[in-house]
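Start from chain F and add chain X according to the hints.
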Amino acid sequence: MKTIMVCLKRVVDYNVRIRVKPDGSGVVTDGVKMSINPFDEIALEEALRIKERGEAEDVVVVSIGPADIQQQLRTGLAMGADRAVLIECNEDISSLTAAKVLLKCAEKEAPDLIVLGKQAIDDDCNQTGQMLATLWGRPQATFASKLELSGNVAKVTREVDAGLEVIEVDLPAVITTDLRLNEPRYVKLPDIMKAKKKQLESVAIADFGVELSSKVTAGNWETPASRAKGIMVNDVDALLAALKEKDLV
Amino acid sequence: MVPLPVALPNPSRTHYKRLSVVLTKTIPDAVIAELKSIVGEGGWLDSSADLTAYLEEWRGLFTGCTPLLLRPASTAEVAAILSCCNANNVAVVPQGGNTGLAGGAIPGLNDQNEVLLSLERMRDIRAIDTANFTIIVEAGCVLERLQQAAADADCLFPLSMASEGSCQIGGNVSTNAGGTAVLRYGNTRDLVLGLEVVLPDGRVLDELKGVRKDNTGYDLKQLFIGAEGSLGVITAVTCKLFPKPASVATALIALDSISAVVDFFAAARTALGDEILAFETFPHIAMDMVQQHIDSCHSPFDDEYSWYVLLDLSSQRSQSMVDTGLLAFLEAQLDLGLVTDGVVAQSGAQRDAFWRIRHAISEAQKLAGASIKHDISVPVSQIPLLIEKASAVAESIAPGVRPVPFGHVGDGNIHFNLSQPEAMSAKDFLALWGVMNQRIHSLAVSLGGSFSAEHGIGLLKRDELARLADPVGLALMRSVKLAFDPNGIMNPNKLL
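So the sequence lines, in the order shown, correspond to chains F and X. No gaps in the numbering here: position 168 of the first sequence is 168 in our numbering, and each next residue is one more. No gaps in the numbering here: position 383 of the second sequence is 1383 in our numbering, and each next residue is one more.
In isolation and in its complexed conformation, chain X is listed as follows:
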């Protein structure tokens, strides 16, 4: 097969560009001074030493630049900033904890100067209502702190992911982040009841009301969820809370094949129902890399197995009932031969150890050499076919490539990551990124899936969105963008 060209012509993109106002390439000193005065001393940074951490994405794919970082402390300051930028055609890139993977929160990747807007100083927890099971937090609140605030009130905020110690709820909402509890509680979108958003012209949309029923016309807040900062700046969020589970149980299971993993998932859902919190899978190569490169991560097994499943349950039932139920289910599966081996966490420390292995995969893969990544989803039933076909495609493009497909089986979301062939240089391998992505994205879409399951579009997959999205949907998205942000100041040239 002939690989597709890296960049496909995209006529609709040119049409779209014509519609936007030409943004300022150099921000006038007077505007910079006005922006600084809005936030006051301590509210802005402009020396390169201070800015480094804000300008580089952790995976190293994007390094940006900006003449000015603004750190507003209130919704009113955000409103004044956007109003000023809109009046002067200055582009604004909002940023949360800078843990994104698609370049969406990095400024200065295009040809104009872009002001970077960090929400990190807006981190208050405004209100918590345990009878209504809701919490109102500001956008810059770090996810872990939000989880802790919920726990302190004897509730659960279930959004959880590897970056939870740094990522901020505003960024989670703007990217509709997924994470490890999607199977049970849904994506971030499912956890949001209300938003406060500053629109590009400085008006504030107050949709914070925490009600679960509200049929009063278009559900506008939904448009900002997953919009990647392209329609406005989210400044506060009303999140759903849940009862804190009374008990948890965790097992690491070994299986012989990916189709056994999928069958095991079906069996688990039937037997354990909604108690399944997470159902994560990874192949032996991932376990190997983690053991080799990450201190204090060891396989709990003496033998090597093809695939592993991290099965995590949580329940309102008592600990002993959950333990007994899990064990009975696993024993039945062992008897049936679907499961080859397994370990059940006997303590919180062992549960943490299992999760550490799962969370360390990305880091270990980074240490094992260059990798080309795909964040794709397909219907769960198609996962074995996807992995088989995608592995063949990858091998045909880069012989000797080492696929490390892992992820959230329950959501059909596979991080189809490829580690460089041992005989190929990192540079030569990474040169294949575009070709590889296009072929594998097309494959995921052809199997009824998505080419970007949870990491979003950003700058990384913008061309892929133009190539693979439904044209009608794409045209509507562009109309929405124009309606909300006619001057195109919000995170330009990302997403659309």
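Just chain F, same shape as in the assembly:
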């Protein structure tokens, strides 16, 4: 296999407490710690392991977003990716738009495998991988928790509601990664220095000729209602009385 394309989305770090903007137009991202979507990080780790086993030659990381997603792409390069493509875009785009843009990128890179997280932890859409595979006209294997390659076939263990499902897909294909696939590596200081010399190509999203407007618009954002404070009861009788009063038993 020659090239693996990995899609990285920059998201608000999962340790950050999300806050909604006072005007309800979105969540606060100014000055907030941003990271690679953890599922995408797992996708990159898997691609790097495939390359390190000698089963691929080239790992390219692709991300769509404002110029400062460069930082997350540099992290990807420091983890071990060979090249990075930054598709500069300063507005929020839908999963479908992302899939269309990534398709253009795939047409140019002609990868044998596209790996990305099963979903991003900010919008939890779980759509981009599936849409990309459909648009690309290639097989998809979603929620991968194990991935084995032999020749032109990928054997993928999927995490589904009923347990584990093992399927085989012909390459090229799109694989979306689940949590248990692997544990991503840490970024070493010497590798961060080396990553500075790696190629990072920047392209304007307009160059792809994809319509950016979405059929879906967000009306309003609000914080979930906070839980009512609990009360302490002294014994089972008091508990039952309290439950009855609230008409719960």
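Here are the simulated DMTMM-like pairs of lysine to aspartate or glutamate, each with C-alpha atoms no more than 20 Å apart in a straight line:
#1 155/F <-> 170/F
#2 194/F <-> 1331/X
#3 1244/X <-> 1152/X
#4 215/F <-> 124/F
#5 196/F <-> 1331/X
#6 229/F <-> 1144/X
#7 21/F <-> 1154/X
None of these hints come from the bench; they were simulated from the model.
Below, chain X alone, put in the same frame as chain F:
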């Protein structure tokens, strides 16, 4: 060298004992009944099953006993309790979250009956003033909850330590706890603006006012900070708050020697200044023990290195400025050869993972066998010499001993912990505790340091305080104790 005897004669101690009133060995039923009625139902416990968690220190060194645990719900109840105890010469041991390490909060370790006073029901946050950057909390408020209350108000309460999920602010103040952010924000003492204290006779000292300038005579509240409950019971605290940092950055660095660690610290201070929140170090053996004994803790490195530094920054500057600054500094140090390898946390999850390794050391060491511990501090410049000499002393006393020195380099505070030699039984090794402590404490003091940097004196180091403290200072401490607590009911036979 001949080891010193375990217990040295201490003439001043006898003199001091003569001054205290003889405390009640058996508490009369009537007094017990009066104490129970002060707190009412739900405010006391006396069955042994309920008391277990309050009577054992987590390290297992001290297990106490008490006829009665009181859990007052207000300052007035604490005042009534102390007034009653004082009138009847009943000893009182105050307790916070029972996460101490020196036996200071365990009752019944002496020959008299001692009432245990837990502040756990006094946990309200009384007021928060974000313009003044202060918060008033009751003593039983768990540290983590206090941190959270500050965060909810977009502020920071910087006191942080491994036990923050259980320890209480009253205990933190009473022991002047240190923790992991001392380098930047100071000890608990530096974070306290005011206190409310119930004195042994039941009077209430109200010094809660949250002002940063107050030159009106003796700063009495300072005496209760670090007094380990020997002068009164702290019931509420006015704490300083700080602006919440806009960004954090964390790196785990590998170095070849402890002197490289100290040089690296100097370089970091010069380059990064006050952005350094914590600068913690531990040797490879600690990393090894953590990996062996603690699930989900792995070294981020492929290779093994002699020493590791956990460098944590926080700043009001933007995330990208802090990241860039840290990286530029680390690259320069790598080029200079001072740093051998390093990993920079790319996400909050990785930052947590680094801190988990650091916080897991004590637990891992416990699982790796018996250990003898020292909580010592020296000037930062003396750390390499301390570790070298202390390791030699330990080896001479217990051949094959495994030193696991780790801690807060920035504060000069090293937890010089020793794991038992693999060929020696835990019992034989622990029998050397006293000898080992005396020799290593003396060494720390001779290098211009302290034999008890952050864990306090309690019962564990009481004899060491008598042996190593400046005699003039010790005499003054005893005068203070007598002035505040003439009947000696407060946490007797601890500290002094």
